[in-house]
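A.B. asks: Produce the complete structure using the sequences and hints provided.
Residue numbers (the numbering used here), protein chains in the order written: chain Z, 1 to 250; chain A, 1 to 252.
Don't read these hints as lab results, they were simulated from the structure.
Be aware that a few hints might be false.
[What the hints assert, rightly or not] Here are the simulated lysine-lysine pairs, PhoX-like style, with alpha carbons at most 25 Å apart: (1) A:K185 <-> Z:K79; (2) Z:K58 <-> Z:K122; (3) Z:K173 <-> Z:K58; (4) Z:K79 <-> Z:K58; (5) A:K246 <-> Z:K79; (6) A:K246 <-> Z:K173; (7) Z:K79 <-> Z:K140.
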Amino acid sequence: MRVRNLTISYSGEPVLEGASLDVDEGRFVSLVGPSGSGKSSLLRALIGLQKPLAGSIKTGLSRSEIGILFQDDALLPWKTARDNVALGLTLNGTTRRAALDEAETWLDRLGLGGLGDRFPRKLSGGQRKRVALAQVLVMKPRLILMDEPFASLDAIVRARIVRDVVALVEREKISVLLVTHDLEEAISLSDAVYLLSQGPRAHVTQHYAVPIPRPRDPVRARMHPAFAPLYEKLWSDLSREVDYPRAVAA
Amino acid sequence: MTALDPRYAWVRRLLVLAILLAVWEAAGRANMLNPLYAPSPSQIGSALVELFGDGRIWPHLEATFSAALGGLLLGIIVGILLGVVAALVPFIAELIEPVMTLLNAIPRVVLAPLFVIWFGIGLSSKVALSFILVAVLIFFSVFTGIRQIDRRLVERIVTLGGDRAALVRHVYLPSVAAWVLGSLKVAVGFAFTGACVGEFVAASRGLGYLLSFAQSTYNAALMMAIIVLILAVVLIIFSLAGRLEKHLLRWS
Ligand SMILES: Nc1ncnc2c1ncn2[C@@H]1O[C@H](COP(=O)(O)OP(=O)(O)O)[C@@H](O)[C@H]1O
Ligand SMILES: [Mg+2]
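C.D. replies: See the structure below:
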């Protein structure tokens, strides 16, 4: 996916200006920025929920090959976990039977075997997140856009889900663009990290390659010798990006 | 103080009710109550038995049920339609909302005499009153519900490749159904209120009519028997509506 000079504006001053970034096939790319810098807006533009003011987006993928994982799960409360997972398939013309079978397979794969009949209300936060993940993965996406999907989970649940997600996308060679405000998470999961400056008129900086080999264990990755220096560098660059506009305004 | 086991709340309530009835009955038998004003439970009971015994209650029950269920059904359908249209077409909302707000603010039963003039003393005027009570209620629950529909669910369907029809089927319809079911019990109560008040005002049949008949003949036992009957009817319908709600909203 290639994004060039993307500018997003709601009304008045642009939230995001001239953002460019690349996600090469099979790569895990993160975009780190402070809250309100326009990360969600960027992803919404990439998926077509938000019309950008200017710029171009090239994915080379069909609509159903791009999945999006929202900040909150957005499961339909009146559908069971299984029906929620099967939904995307039936909306795209798969028969209900086949869709439900496929959904069951993905529920099993994500450790939710036996929970297919539960309604979202009867699932824990982590389980709901896994259902939302299955809902995306069942579509066999080539690219997944993730909007801080793990932010609401507590540390242990989060570590487990993140590990499973990394294993799955590595195995299926799915490209990922993850937006997050969590620098550690970004480095430990990604092949490349972009920084987003404080908005309004937020911009994307150059990218930083993450020299930690794959397959990768997200927890172990934090102990890799390359982690700390990179973290240090990104942190100081990010601090500068965040503080700079304020310093100018002052 | 010892904690009460909440599972047996109904036993305790029933027990207290039984004691109250027994005291009331005893007071009646001891000639401490004037049966003209306060007939004893057994007198009310025998009035009830009499109503059912000679079968003359059935046409009245049928009349009230027809009016209430007719008004309920019509009110739900029209309430949903108006609510959906108003939520989707701002121009219509501009027209309907103030009318509905006004209708909501007044005690709508004051329309009963007007409906008698318009629709006669037959079934239609009672259906109309039930209808207006229910329709306004349902309108507001649908109207506000659709405007508060969860954007995230809409976006989820869109990003999964769903079209407008899919949105209606998977998000709008279930949401509307949930709001309507949420007010179903109140609507049932309203429907019976409408039917009975309408019959009370002017009718030749129905529980409301029997009530006004009992009043005009100063028959307190009959009156109380009918009140008990109306109570029982509404409670039964309530529990049916409650079950339906519980089943259909089992996801919530
Ligand atoms: N629908 C919207 N209408 C107007 N402003 C919005 C809307 N969505 C987001 N914004 C504004 O755009 C900015 C970026 O928001 P968002 O993309 O959610 O940032 P992030 O996800 O990085 O926290 C914020 O200042 C926010 O108030
Ligand atoms: Mg966000």
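A.B. asks: Next, verify each hint and record whether it holds.
C.D. replies: To see whether the hints hold, each was checked on the structure:
1. Restraint check for K185 (chain A) and K79 (chain Z): satisfied, since their Cα atoms lie roughly 24 Å apart, inside the 25 Å limit.
2. Note on K58 (chain Z) and K122 (chain Z): the hinted pairing is violated, with a Cα-Cα distance of about 40 Å set against a maximum of 25 Å.
3. Only pairs whose Cα atoms come within 25 Å are accepted, and K173 (chain Z) paired with K58 (chain Z) is accepted, the gap being roughly 19 Å.
4. Among the hinted pairs, K79 (chain Z) with K58 (chain Z) is inconsistent with the structure: their alpha-carbon atoms are about 34 Å apart, more than 25 Å.
5. The hinted pair formed by K246 (chain A) and K79 (chain Z) meets the criterion: a straight-line CA distance of about 15 Å does not exceed 25 Å.
6. A threshold of 25 Å between alpha carbons decides the hint, and for K246 (chain A) with K173 (chain Z) the separation of about 45 Å lies outside it, so the pair is violated.
7. For the suggested pair K79 (chain Z) and K140 (chain Z), the alpha carbons sit about 21 Å apart, so the restraint of at most 25 Å is met.
When the structure is compared with the earlier hints, violations turn up for hints 2, 4, 6 and for no others.
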